[in-house]
Structure formats: structure tokens, C-alpha cells
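As given, the protein sequences belong to chains P and X, one line each in that order. Numbered per this note's numbering, the first sequence spans residues 1 to 115. Numbered per this note's numbering, the second sequence spans residues 1 to 107.
Treat each hint with caution, since some may be false.
Claimed, not checked - Listed next, the in silico SDA-like pairs over lysine to any residue satisfying Cα-Cα at most 25 Å (straight line):
(1) X:Lys81 <-> X:Ile17
(2) X:Lys81 <-> P:Arg111
(3) P:Lys78 <-> P:Ala2
(4) X:Lys81 <-> P:Thr38
(5) P:Lys24 <-> X:Phe45
(6) X:Lys81 <-> P:Phe105
(7) P:Lys24 <-> X:Ile17
(8) P:Lys78 <-> X:Gly40
(9) P:Lys24 <-> X:Arg59
(10) P:Lys68 <-> X:Asp92
(11) X:Lys81 <-> P:Val89
(12) P:Lys78 <-> P:Val114
(13) P:Lys24 <-> X:Gly40
(14) P:Lys78 <-> X:Ser96
(15) P:Lys24 <-> X:Gly41
(16) P:Lys78 <-> P:Met15
(17) X:Lys81 <-> P:Gly42
(18) P:Lys24 <-> X:Gly58
(19) X:Lys81 <-> X:Arg59
(20) P:Lys24 <-> P:His10
(21) P:Lys68 <-> X:Ser96
(22) X:Lys81 <-> P:Gln37
(23) X:Lys81 <-> P:Met39
Quick caveat, the hints were computed from the structure, so don't treat them as lab data.
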Amino acid sequence: DAGVIQSPRHEVTEMGQEVTLRCKPISGHDYLFWYRQTMMRGLELLIYFNNNVPIDDSGMPEDRFSAKMPNASFSTLKIQPSEPRDSAVYFCASSPGEREHNEQFFGPGTRLTVL
Amino acid sequence: GQSLEQPSEVTAVEGAIVQINCTYQTSGFYGLSWYQQHDGGAPTFLSYNGLDGLEETGRFSSFLSRSDSYGYLLLQELQMKDSASYFCAVNDYKLSFGAGTTVTVRA
Chain P
1 DAGVIQSPRH EVTEMGQEVT LRCKPISGHD YLFWYRQTMM RGLELLIYFN
51 NNVPIDDSGM PEDRFSAKMP NASFSTLKIQ PSEPRDSAVY FCASSPGERE
101 HNEQFFGPGT RLTVL
Chain X
1 GQSLEQPSEV TAVEGAIVQI NCTYQTSGFY GLSWYQQHDG GAPTFLSYNG
51 LDGLEETGRF SSFLSRSDSY GYLLLQELQM KDSASYFCAV NDYKLSFGAG
101 TTVTVRA
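Just chain P, same shape as in the assembly (with noise of 0.2 Å):
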């Protein structure tokens, strides 16, 4: 298995453009996981879904986030408009299931640089 698969794997772009990063998680697993990661804040979860319904969304910061996993094979999260303070590594991570919920298999990352 490829593992979970994250792109792109750096993106810089300009306050105010639209961002979107793409997962695919592994096959056959049920839950994905979308994660930021700063110095300042760690790790975070942002969202994460079940069969591809968005289950808990606490975490995303603010409006101008949104996630989405039209199918079971792939997964995006958007930020528009992006702004400096949303520089991070993000990433997205799978899991097999409920029982197996306390291994997650984590992506290799994207960092995203908003100027």
C-alpha cells in the first residue's frame, strides 16, 4: 500500500489566493483526519471524517476553512482566502476503524507558506 497521500507537498502563495490540498487516504480505511501543525499551537485536529461524513469540525479556525470528502478515496481542505497566519504543515491522516481508532496512519505532510 502507498499510504496515505498528501499533495501538493509545499505550497507558497499570496494573502488573499485560494488554497486547496488533497488527500487520498488508504484503502479501505474509514476515518480521515485532517491535522495543522505550528510551534506555536502543535498538533491540532482540524476535522475528521467517518464513511465520508464530516463527524467533528470543532477545529476549524475559522469560515474561511473548509473540507470536504466527496468520496472515499479522496479528501480536500480549502482555505479562501488564506492570510499569513495560516502557514503550517498540514496534514491528513487515515484510520482502519473505530476499533483500530488509536492508530492513525499520517501522510507526509503539505507546507504551506501564505505571504
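With chain P held as given, fit chain X onto it using these hints.
This is chain X only, laid out in the frame that chain P set:
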């Protein structure tokens, strides 16, 4: 909500033993997980404790005391490649991570 505390940094020499403590306060709890993250890399799963006691996986062991809201990760026979950040995380249908402990292994 969740609150986790772990030391920010630990330094040790090769071959030594390091214990990283984690205390937590949480409204819901299923277990305590540990993840390793090398600089520039992604977090990777190390261990999970759903019940009290010790779990051993090779050179790494993890312990949980639910009554004390406390756990630790024990790294034995330290190697240079163990230099990384280690995170404890409370499992409550989702993971809430601590701030991480940076372990530096010196020759």
C-alpha cells in the same frame, strides 16, 4: 476538553534509558497513544495503552495508569536515530496531542 502535559526536552547519551511522562485531563478517555516525529517528517504511531499496565514493543515500552491520569513512554538502549519528537495523545474518538517532547541523543 483535553489537556496534556509532557516535558519539552530531554537529552541523553547513546545506550541510555529515557522516560517521557505524560499527564492528562480529559472529559472522555479511551486510551493513550504515543507518536514519534522526526524533524521534517510525519508523526508515526509507536504504541497504545487502553488498559492500565505496561505495553512493550522492542526497545520502547509504554505505561498507563488511568486512576492517576498518567502515562509514560520508555525508550531503552537509545540510538542516534531515536532523536525525534515524541507526542502523547489522548484517544476520545479523536486524538488530542500533547505539545511533544524533543529527545536529543548524544554520542
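Results of checking the hints against the structure:
Of the supplied pair hints, the one linking Lys81 (chain X) and Ile17 (chain X) holds, its CA atoms being roughly 14 Å apart against a limit of 25 Å. Our distance criterion of 25 Å between C-alpha atoms is met by Lys81 (chain X) and Arg111 (chain P), whose separation comes to about 24 Å. For the given pair, Lys78 (chain P) sits about 24 Å from Ala2 (chain P) by alpha-carbon distance, which is consistent with the 25 Å threshold. Annotation: proposed proximity of Lys81 (chain X) to Thr38 (chain P) holds, straight-line Cα distance about 23 Å (limit 25 Å).
Pair hint Lys24 (chain P) plus Phe45 (chain X) holds up; C-alpha atoms about 19 Å apart against a cutoff of 25 Å. Between Lys81 (chain X) and Phe105 (chain P), the direct Cα distance comes to roughly 20 Å. Compliance with the 25 Å bound is thereby established for this hinted pair. The suggested pairing of Lys24 (chain P) with Ile17 (chain X) is violated, with an alpha-carbon distance near 38 Å, which exceeds 25 Å. Of the pairs offered as hints, the one joining Lys78 (chain P) and Gly40 (chain X) holds, with about 23 Å between alpha carbons and a cut-off of 25 Å not exceeded.
Under the criterion of a C-alpha separation no larger than 25 Å, the hint pairing Lys24 (chain P) with Arg59 (chain X) is inconsistent with the structure, at around 32 Å. Pair hint Lys68 (chain P) plus Asp92 (chain X) holds up; C-alpha atoms about 23 Å apart against a cutoff of 25 Å. For the proposed pair Lys81 (chain X) and Val89 (chain P), the alpha carbon gap of about 23 Å is at most 25 Å, so the pair holds. For the suggested pair Lys78 (chain P) and Val114 (chain P), the alpha carbons sit about 14 Å apart, so the restraint of at most 25 Å is met.
Only pairs whose Cα atoms come within 25 Å are accepted, and Lys24 (chain P) paired with Gly40 (chain X) is accepted, the gap being roughly 20 Å. For the given pair, Lys78 (chain P) sits about 22 Å from Ser96 (chain X) by alpha-carbon distance, which is consistent with the 25 Å threshold. This hinted pair checks out: Lys24 (chain P) and Gly41 (chain X) have alpha carbons roughly 18 Å apart, not beyond 25 Å. Among the hinted pairs, Lys78 (chain P) with Met15 (chain P) is consistent with the structure: their alpha-carbon atoms are about 14 Å apart, no more than 25 Å.
For a cut-off of 25 Å, the pair hint linking Lys81 (chain X) to Gly42 (chain P) stands: about 22 Å separates their Cα positions. The straight-line distance between the Cα atoms of Lys24 (chain P) and Gly58 (chain X) is roughly 31 Å, outside the 25 Å bound, and the hint therefore fails. For the given pair, Lys81 (chain X) sits about 13 Å from Arg59 (chain X) by alpha-carbon distance, which is consistent with the 25 Å threshold. Restraint check for Lys24 (chain P) and His10 (chain P): satisfied, since their Cα atoms lie roughly 16 Å apart, inside the 25 Å limit.
For the proposed pair Lys68 (chain P) and Ser96 (chain X), the alpha carbon gap of about 22 Å is at most 25 Å, so the pair holds. A distance of roughly 22 Å separates the Cα atoms of Lys81 (chain X) and Gln37 (chain P); the hinted pair therefore holds under the 25 Å criterion. Distance check on the hinted pair: Lys81 (chain X) and Met39 (chain P) sit about 22 Å apart at the alpha-carbon level, within 25 Å; holds.
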